[in-house]
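**Q** Here is what each chain is made of, one letter per residue.
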Amino acid sequence: MKIFPENVSVYGDDIDFLFWLITIVAGLATLIVLFLVIYPVLTRKKHKAKENIYVKGEGFKQLKWIYLAIFVMAVADFSFLIIESDGWIKTQETLPEKDFHVAIVGKQWLWEIIYPGPDGKLYTSDDVKKFNTMIVPQDAVIHMDLTAYDVLHSVFIPHARFKFDCLPGRKITRWVEFTKSGEYPMVCAEMCGVGHSRMVGKVVVLPQEKFEKELAKIYKK
Amino acid sequence: MTMSTTHENKGFWHRFFFSLDHKDIGLQYLITTMFIAFFAGIFAMVFRIHLAFPDYHIPLFGIIDAKEYNILVTNHGLIMVLWLSMGILLATAGNYLIPTMLGTDDMAFPKLNKLSYWFFLLSVIILIISFFLPQKGFGGGWTLYPPLSVGDFGYNTPYKTFSDRFFSSNTFVLLAIALEFVALLMGGINFMVTLFNKRAKGMGLLQVPLLVWMIVIASILFMFSVGPLVAGTFMLLLDINAGTGFYDASRGGDPLLWEHLFWFFGHPEVYVILLPGLGILAEVITTNARKTLFGYKFILVLVLIATVLSLMVWAHHQFVAGVDPRAATVFGILTIIISLPFAGVILSFLATLWKSNLRLTLPMKWAMSAIVLFTILGGFTGLHLGAALFDMYAHDTSFVVAHFHYTLIPVVIFAGMAGFYHWFNKFSGRELNQFLGNLHFWLTFIFFNGFGIPLFLLGLAGQPRRYAGYDHIPYLSEGYLPLLREIATISAVILVLSQFIFIFNFIWSVYKGKKVTSNNPWQSTTLEWQTSSPPPHGNFEVYPVVYHGPYEYNRPGVDKDFLPQNQKI
Numbered sequence: 042m043k044i045f046p047e048n049v050s051v052y053g054d055d056i057d058f059l060f061w062l063i064t065i066v067a068g069l070a071t072l073i074v075l076f077l078v079i080y081p082v083l084t085r086k087k088h089k090a091k092e093n094i095y096v097k098g099e100g101f102k103q104l105k106w107i108y109l110a111i112f113v114m115a116v117a118d119f120s121f122l123i124i125e126s127d128g129w130i131k132t133q134e135t136l137p138e139k140d141f142h143v144a145i146v147g148k149q150w151l152w153e154i155i156y157p158g159p160d161g162k163l164y165t166s167d168d169v170k171k172f173n174t175m176i177v178p179q180d181a182v183i184h185m186d187l188t189a190y191d192v193l194h195s196v197f198i199p200h201a202r203f204k205f206d207c208l209p210g211r212k213i214t215r216w217v218e219f220t221k222s223g224e225y226p227m228v229c230a231e232m233c234g235v236g237h238s239r240m241v242g243k244v245v246v247l248p249q250e251k252f253e254k255e256l257a258k259i260y261k262k
Numbered sequence: 003m004t005m006s007t008t009h010e011n012k013g014f015w016h017r018f019f020f021s022l023d024h025k026d027i028g029l030q031y032l033i034t035t036m037f038i039a040f041f042a043g044i045f046a047m048v049f050r051i052h053l054a055f056p057d058y059h060i061p062l063f064g065i066i067d068a069k070e071y072n073i074l075v076t077n078h079g080l081i082m083v084l085w086l087s088m089g090i091l092l093a094t095a096g097n098y099l100i101p102t103m104l105g106t107d108d109m110a111f112p113k114l115n116k117l118s119y120w121f122f123l124l125s126v127i128i129l130i131i132s133f134f135l136p137q138k139g140f141g142g143g144w145t146l147y148p149p150l151s152v153g154d155f156g157y158n159t160p161y162k163t164f165s166d167r168f169f170s171s172n173t174f175v176l177l178a179i180a181l182e183f184v185a186l187l188m189g190g191i192n193f194m195v196t197l198f199n200k201r202a203k204g205m206g207l208l209q210v211p212l213l214v215w216m217i218v219i220a221s222i223l224f225m226f227s228v229g230p231l232v233a234g235t236f237m238l239l240l241d242i243n244a245g246t247g248f249y250d251a252s253r254g255g256d257p258l259l260w261e262h263l264f265w266f267f268g269h270p271e272v273y274v275i276l277l278p279g280l281g282i283l284a285e286v287i288t289t290n291a292r293k294t295l296f297g298y299k300f301i302l303v304l305v306l307i308a309t310v311l312s313l314m315v316w317a318h319h320q321f322v323a324g325v326d327p328r329a330a331t332v333f334g335i336l337t338i339i340i341s342l343p344f345a346g347v348i349l350s351f352l353a354t355l356w357k358s359n360l361r362l363t364l365p366m367k368w369a370m371s372a373i374v375l376f377t378i379l380g381g382f383t384g385l386h387l388g389a390a391l392f393d394m395y396a397h398d399t400s401f402v403v404a405h406f407h408y409t410l411i412p413v414v415i416f417a418g419m420a421g422f423y424h425w426f427n428k429f430s431g432r433e434l435n436q437f438l439g440n441l442h443f444w445l446t447f448i449f450f451n452g453f454g455i456p457l458f459l460l461g462l463a464g465q466p467r468r469y470a471g472y473d474h475i476p477y478l479s480e481g482y483l484p485l486l487r488e489i490a491t492i493s494a495v496i497l498v499l500s501q502f503i504f505i506f507n508f509i510w511s512v513y514k515g516k517k518v519t520s521n522n523p524w525q526s527t528t529l530e531w532q533t534s535s536p537p538p539h540g541n542f543e544v545y546p547v548v549y550h551g552p553y554e555y556n557r558p559g560v561d562k563d564f565l566p567q568n569q570k571i
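The listed protein sequences correspond, in order, to chains A and B.
According to my numbering, the first sequence is numbered sequentially starting from 42.
According to my numbering, the second sequence is numbered sequentially starting from 3.
Only chain A is shown next, with the shape it has when bound in the complex (with noise of 0.2 Å):
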């Protein structure tokens, strides 16, 4: 039984990790509490009223197990922190040098492709709309362009643990690099009207040559 879907993007990985990380940390915490609730309910009779604790929890030597664990939280939390601010500033912060360069418009109700056309630059006079389907290459990083026509759209690759909202208004490049050829499912991820489940398109990863052959066929059309 596997959790999450295939990981096909060079962060995948760091995400997956920083789930598991959190998890078996949670996992351990979750013992605590369990022991700190069901330890009190099964000894209840053994404690007779007279002999039950009255203490206020005032001061540091009464507080000091509290602090502790919120001590214990306090590091486990910025470690996460810590471990997480490379993947995030590597996935939306930074921009490495781009291989292929494609725009993303979401439209009620379906994507529209935006390929840069023959001269290789988007928002010229040759560029090419297809729309719901977008073939990339394997191996190298792609620039999206995420914006919207109407409402706000969010492009979701779930097998690239990628996500990022479309704005009406707004171009937002963000990029992704797909590590294995194939067909993966891009729905949007933002409430956006009626047809919002049905907004399903998908991404076909292509080896180098393969993809060249495809586009060039594309901008034959």
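Just so you know, the hints here were simulated from the structure itself, not pulled from any lab data.
Certain hints may be false.
[Unchecked claim] Within a straight-line C-alpha distance of at most 27 Å, the following computed DSS-like cross-link-like pairs (lysine-lysine) qualify:
#	chain 1	residue 1	chain 2	residue 2
1	A	K102	B	K357
2	B	K200	B	K113
3	A	K148	B	K138
4	A	K243	A	K43
5	A	K221	A	K162
6	A	K86	A	K97
7	A	K162	A	K212
8	A	K131	A	K162
9	B	K299	A	K97
10	B	K570	B	K203
11	B	K570	A	K97
12	A	K102	B	K299
13	A	K221	A	K254
14	A	K262	A	K139
15	A	K258	A	K170
16	A	K148	A	K170
17	B	K357	A	K86
18	A	K243	A	K162
19	A	K254	A	K171
20	A	K162	A	K251
21	A	K86	B	K562
22	A	K251	A	K261
23	A	K87	B	K357
24	B	K299	B	K203
25	A	K139	A	K254
26	A	K148	B	K69
27	B	K562	A	K87
28	B	K570	B	K200
29	A	K97	B	K357
30	B	K162	A	K148
31	A	K97	B	K562
32	A	K261	A	K171
33	A	K261	A	K243
34	A	K105	B	K299
35	A	K243	B	K69
36	B	K203	A	K97
37	A	K243	A	K148
38	A	K105	B	K357
Based on the hints, put chain B in the right spot on chain A.
**A** Structure of chain B alone, referenced to chain A:
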């Protein structure tokens, strides 16, 4: 302190419409919110059935289409978050319990209190009207993100005439939300003034039961956070009705502006709901553990820290929505930090349970499961989502849906029910049927998890939320995923249906339940238990004088295992 004896005459209309007595107003809130939440529960049942069994002909609803699906999901969210959660935990608990716990006759401003309920009722009526307008209800998502919420959210065709625009579900839903905020602001002012000015003689600010503090802090937080959203709502109403372009990028506006204004309120809102829930847990846990609350001042300080922090974390709802990724880092850090004070509060509750001879009563079962579910599956999954990198994957998937159901349901339903079962005999003067109560608890506990855990797994498999069906998407209809959806659906249906046991038990016990033999059946220390059940008009025959803090259980040198606040040693 004067006792207002002029409103003793209680016919139906008097009691349920015109009464100025805070107890009546609390019950009015309770009944109104239960009425509207009943529909929100039915909505959840219907759209869950549609997801797992799309061909099933649902009684009264038939086979719903995508537009109806969106309307049901949207209104389920809106009602549960804005009307049920705040209606129960702030308005009902606050109105009924604050004056009784403070040992006073009524709220500081009874007429403002009455007005607040009328506004609340009006907001519910306007919300109901929104279902009978041409759009048959608002269906643009409970977060009301423009541009979708500006036009006809179904097909994004702009409205043509002014009357089309005004008499649309969009306008009415926004009006309902604005009126509800007005109602809760008036209630909140009342809670604050009552706490600071109407405490029983001798009651210091640090001898006030924690629940009262929590409701008042939540009201203050609500006041701080609601302003931007009211302004945002006003601009959205203008966008819909006057054709302005505050959120329209083609006319210089920005859809992201709404997201900021909405979540500036929307995230503190979670804590507005959480704090009264924690307050209820404090009361139920100390009473049943027979121990004084561990760290009363410590909890107050932690909660104040969390309250301030909660105003600075809103953009974690927008990690991948187009905010600057460097800003997202800051919000991520603050989000992770806010888990620390709440960890301290939960640990203080667990320390209260430690070495106690606790009584495993029905309210205690609800309270303990609230702590477990909230901490483990609500809190810890918050760490997953607070890590922005993982949020890129999990955002807007079922993982988020499961996460916020595990934060809200333990607080609203489990802690709310703990409070309800705890105080039922106080406000009705009768006892609830224990067998039905236990049945309700176990069914709710089992089937809530049966609904929530599959949703986590579906989210990890990459299932986006708010989809009116997944069967046409290959990667979501393979393997065990359809089975998980069926388990989640069947559990959700049983979860909703088992609430009818509670409604039946409630109504039956109010009329036919065994009369209480004691005013203080749980042997509790706070002041609401030191008067008759239900309390008379004016709450106390003799106004209490307070000598102790609120949780004096098993204090050394005292014969009994509890020492009421108004009893001298």
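**Q** Holds or violated: are the alpha carbons of A:K148 and B:K69 at most 27 Å from each other?
**A** 17 Å, holds
**Q** Taking 27 Å as the top limit, are the C-alpha atoms of A:K243 and A:K162 close enough?
**A** OK: A:K243 and A:K162 at ~23 Å, within 27 Å.
**Q** Quickly compare the C-alpha distance for B:K299 and B:K203 to 27 Å and report which way the hint goes.
**A** Distance of about 21 Å is within 27 Å: holds.
**Q** For the pair supplied as a hint, A:K251 and A:K261, is the alpha-carbon distance within the 27 Å limit?
**A** 15 Å, holds
**Q** Holds or violated: A:K102 with B:K299, Cα cutoff 27 Å?
**A** 15 Å, holds
**Q** Does A:K258 pair with A:K170 here, judged by a C-alpha cut-off of 27 Å?
**A** Holds, because 13 Å separates the two Cα atoms, which is no more than 27 Å.
**Q** Are A:K97 and B:K357 close enough, with their CA atoms no more than 27 Å apart?
**A** 14 Å, holds
**Q** Between A:K261 and A:K171, is the straight-line Cα distance small enough, at 27 Å or below?
**A** 13 Å, holds
**Q** Does the structure keep A:K243 and B:K69 at a Cα separation of 27 Å or less?
**A** Holds - the C-alpha atoms of B:K69 and A:K243 are around 24 Å apart, at most 27 Å.
**Q** Does the alpha-carbon distance linking B:K299 and A:K97 stay inside the 27 Å limit?
**A** Since the Cα atoms of B:K299 and A:K97 sit roughly 9 Å apart, the hinted pair holds (cutoff 27 Å).
**Q** Given the proposed pairing of B:K203 with A:K97, does the C-alpha separation stay at or below 27 Å?
**A** 23 Å, holds
**Q** Compare the distance between the alpha carbons of A:K262 and A:K139 with 27 Å, and conclude whether the hinted pair is satisfied.
**A** 25 Å, holds
Hint compliance for this structure: no hint is broken.
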